[in-house]
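Peer 1: Residues per chain, in single letters:
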Amino acid sequence: MFSSTSFLSERSFRSPDPVPALTVERLLRRVRRPGRYSGGEWNSIEKDWAGIAIKWCFAYPDLYEIGMSNLGLRILYEVLNERPDSLAERCFAPDVDLQAQLRESGVPVWSLESRRSLHDFDVIGLSLGYELVATNVLDMLDLAGVPLLSSERSGTDPLVIAGGSIVLNPEPLADFLDAVVLGEGEDVVGEITDALRTLGWQRRHEPGNGIERSDALRALASIRGVYVPSLYRPRYAGDGSFERLDPVDESVAPSIVGRIATDFETRVRGVRQLVPNVSIVFDRAQVEVMRGCTRGCRFCQAGMQSRPLRERPAALVVEAADAILRSTGYEEIGLTSLSSADYADVSTVASELRRRHPEAVVSLPSTRVDAFTVELADAIAPNGRRSGFTFAPEAGSQRLRDAINKGVTDEEIVRCAELAFDRGWSSIKLYFMIGLPGETVEDVEAIGRISRRVLEIGRASHGGKVQVKANVSTFVPKVGTPFQWDGQDPTSLVEEKVAVLRKAIHGKGLALSWDDPRASILEAALGRGDRRLGRVIRRAWQNGAHLDAWDEHFNFEAWQHAFAEEGLDPAWYAQRDIPLTQPLPWDHLGPGVSRGFLLRERKRATAALTTPDCHWGPCSNCGVPASTGFSCDTGEQGPRARLLIGDHGTRTDGSRAAGPEVGRPPRWRYAGPPGDPRRGQAAETP
Amino acid sequence: MSETRQRWRLVFRRDEPAMYLSHLDAIHSWERALRRGSIPMAMSEGFNPRPKLVFAAPLQLGMLAEHELADLFLAERLTAPDLRDRLAACLPLGYVATDLFDVWAGEPALAPQLAAADYRLILLGAIPEQVAGAVERLLAAVSLPRERQREARTIKYDLRPLVMGLRAASPEASSAAGAWTGAGVASASWPGAVAGNAAAAGALPPGDSLPPEEPATLLWMRLRHSQDGGTGRVEEVVAALAQEIGLSLAWTGGEEQARPAAMPTEPGSGAGTVEIVRPVRERLWLARELV
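The listed protein sequences correspond, in order, to chains A and B. When we follow the numbering used here, the leftmost residue of the first sequence carries the number 1, and every step to the right adds one. When we follow the numbering used here, the leftmost residue of the second sequence carries the number 687, and every step to the right adds one.
Okay, chain A solo, but in the shape it has when bound (with noise of 0.2 Å):
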């Protein structure tokens, strides 16, 4: 057993030395699945650190089955290995018992290629995909001994550089980040290497070097699209609310958007990708057919943040998916991106990979609903096990959906499930919101309408054994959208509406899920709050919060402490609507999309007007190309043909099943091994 004056103990954080196998070993055989900390993952890449100028580590602030399937980080992972100036090597948030296990041993801990302590790089990178890993990313930084607050950390201590999907807001976090990437990471890692190289960053542990820490920021504060925190200043108004960010001096940006990657339509990063050694939630290689999302439904973060819409053609996207099975060895792959359906040329990627690798499975997440989804589907797996087919109405009513510009209709509905049922499958699922803006009573019981209706149809070609499962989660206000002002609903109003639901949802062959209502409120708390947050993000950590995206371990009292303590108020943040002349936290960093488009979004929505798409419609002048110097090439266009399935004749024996998924980010469930019951969905960030 470790003793007290065991060797493990007497490891500095500061060694520059790898832990030793011996050590690694016998802490692995102490915690459950080891083999996520272990590395040795096919395509993982372990350079050699002489010589190297900038050694980065992705640290993934949630477990290893959610980190490692983010496409982002395989594509930057390639991207600066590339490079023979950098390397990138990885970490995830460890578990809780191996947590237990670090702490009463004092290893750090350590990056899965070269076993180091995270403090040994010079840059650490964070990937932040959702408002729940906060407390995660305290954990790992405290797990390697990098000071909590970049105020407190030093010149040797390396810098902690975020990006991902939520850093439209980083303010809850600022005072642990050092900068903030917004936007797409794939050149300025690149650029922020260079910076750092050209100051001589990893120089600075040498005596005598003269490198400030405050020289490192205000290089990284000069390239475009990243963001230093530090130097900003925030001021309160005596209400409590936020009245405005001050930069500390004029050379400092006064606002800053979030970079596009430029040459996405011509090049796929990322085709070595990392095949775990054991099995992960998105266990398949992915390939990027389209980024951005101009369908505009108006509570999508992701859909208004990523504009423009860049579409990669098919051949490109043929070669690559080839070559990524071909380096992976993997079953399946996935054509990802915000709704792939829309992808012009869809079918023709899907039937060219059939018939290069017949005995992969294609899969690709879809938020479409209608029955050109479902032929799809139906094609792409023509001899499956259709074990579940997923919709995403959002919204029960039409005049709801019209009103969050989810453009379907009750018709659409229906026929999509009768489409579905006759192609084969017997469950379907339907994803909803409730808490939405202007929802009343009778759109919570529509919901309940609408998936009877789609039972009896079931039924009716089925039988008795239909499933539908309707999962209904909290509306979440976020930033960056037309809806970034409108409070959630109180917490005993949801419950009222849940209750509704169980009422209209129940019995044989209907199931009704929901999500934690209290978590919803911490995410919307969280995306829509200010740097003041940070305290109660430490308050909670040290009260015992972490993993907190984990049901499980989720501890919304130590969240309630934490915000009594610091005497703050979760409601304040999250259910107020939040008047349109006041300043917003987040008023500095720009999504792309003009605070006008939003505005006038939002006042559509109060009149249930939807808003075409400009990928097939007229031009709905969302500011993109003037925020971002990008000229789309949609709009005012007219519809492009769509392919029929049909007609590719894709058809192929021997494959496996393959339905269609929904790109939302519900809350992640568990995740552990197949077979496992409680092994749920979770979300893929693009």
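A portion of the hints provided could be inaccurate.
[Unchecked claim] Below, a list of computed lysine to aspartate or glutamate pairs in the DMTMM-like style, where the Cα atoms sit at most 20 Å apart: (1) B:738 x A:359; (2) B:738 x B:785; (3) A:465 x A:418; (4) A:503 x A:442; (5) B:738 x A:331; (6) A:503 x A:418; (7) A:47 x A:17; (8) A:47 x B:785; (9) A:47 x A:82.
[Said to hold, decoys possible] Only part of the chain A face toward chain B is listed, based on derived beta-carbon distances under 10 Å: (10) 20; (11) 23; (12) 38; (13) 40; (14) 42; (15) 44; (16) 47; (17) 49; (18) 275; (19) 277; (20) 279; (21) 327; (22) 330; (23) 360.
No lab work stands behind these hints, which were simulated from the structure alone. Ideal Cβ placement from N, Cα and C applies to all residues, glycine included.
Since the structure of chain A is provided, determine the placement of chain B on it from the hints.
Peer 2: Just chain B now, kept in the frame of chain A:
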């Protein structure tokens, strides 16, 4: 549904990068590897066809290996050099194919032919002399009744007939031949040659050393591994030895593994525990090889 045209027997080792794969993870990883290597595998029948790859015996999570066996059934004939090159280029990191035999496609399955397996490991936390004494007593015993959990059931069985050989040595011993105590196998491969130093024996990764303040013992054993006659488990033998000297075996191995009975549920639950590190399955033996 593709027909087998060729059957190869593969001898392979498993090194550190692949140490923490469970048997299922290993199957999955190998299937991906065989696709990467464009190895023309024959496929199984059924709704969900899988490449016909058969491991002689599951290798438990956390175990290294030096002489494992697997049969690969190919749908097209390959030459040995061709297959060797493809395997070298595609196998999961940590797996190394060391030998290949073209065997008759109609030969009986591998698993029923197994008779024994050799293991070695380092035992931490027990004084070597005490372990040596325990080894002697264990070998002298006529029977060793033990219980082990299999899911919800408790199985009672006799461990003694499953132990074909067992030896212990102190890593500090200067002369290996004299230092090893125990019996059962005439010429044990590892103990015979080793000069008592764990690192030199290849038992430790390069650059690592054993913790100086913790007593360590090298253990070697041959256990029966037979579909009919039963299969001995390393941790059961170690637990029996630990029990003999009034200690218990720390729970190691994660939830994927069967937990031997009478094992503390929490790791680090106080003094009096021993710990297994660097366990290696040295070799699987077929019945005909042991005669």
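Peer 1: Residue 49 of chain A was flagged as interface toward chain B. Is the shortest Cβ-Cβ separation under 10 Å?
Peer 2: violated (15 Å)
Peer 1: Straight-line Cα separation of residue 738 of chain B and residue 331 of chain A no greater than 20 Å?
Peer 2: holds (15 Å)
Peer 1: With a cut-off of 20 Å on the C-alpha distance, tell me whether residue 738 of chain B and residue 785 of chain B pass.
Peer 2: With a Cα-Cα distance of about 19 Å, the restraint between residue 738 of chain B and residue 785 of chain B holds, given a limit of 20 Å.
Peer 1: At a threshold of 10 Å, is the proposed contact between residue 47 of chain A and chain B supported by beta-carbon distances?
Peer 2: violated (15 Å)
Peer 1: Is the interface hint for residue 330 of chain A satisfied, with its Cβ closer than 10 Å to some Cβ of chain B?
Peer 2: holds (6 Å)
Peer 1: Need the status of pair residue 465 of chain A, residue 418 of chain A: alpha-carbon distance at most 20 Å?
Peer 2: Holds - the C-alpha atoms of residue 418 of chain A and residue 465 of chain A are around 15 Å apart, at most 20 Å.
Peer 1: Should the interface hint for residue 277 of chain A be scored as holding, given a Cβ-Cβ cut-off of 10 Å against chain B?
Peer 2: Holds, about 5 Å.
Peer 1: Is residue 503 of chain A within 20 Å of residue 418 of chain A, Cα to Cα?
Peer 2: violated (25 Å)
Peer 1: Could you grab the alpha-carbon distance between residue 47 of chain A and residue 785 of chain B and see if it respects the 20 Å cut-off?
Peer 2: violated (30 Å)
Peer 1: Next item in the hint list is residue 275 of chain A. Is there a CB on chain B closer than 10 Å to its CB?
Peer 2: holds (6 Å)
Peer 1: Less than 10 Å between beta-carbons is the criterion; does residue 23 of chain A satisfy it with respect to chain B?
Peer 2: With Cβ-Cβ at 8 Å, under 10 Å, it holds.
Peer 1: Go through the hint on residue 42 of chain A and say holds or violated, using the shortest Cβ distance to chain B against 10 Å.
Peer 2: holds (6 Å)
Violation of the numbered hints given earlier is confined to hints 6, 8, 16 and 17; the remaining hints are satisfied by the structure.
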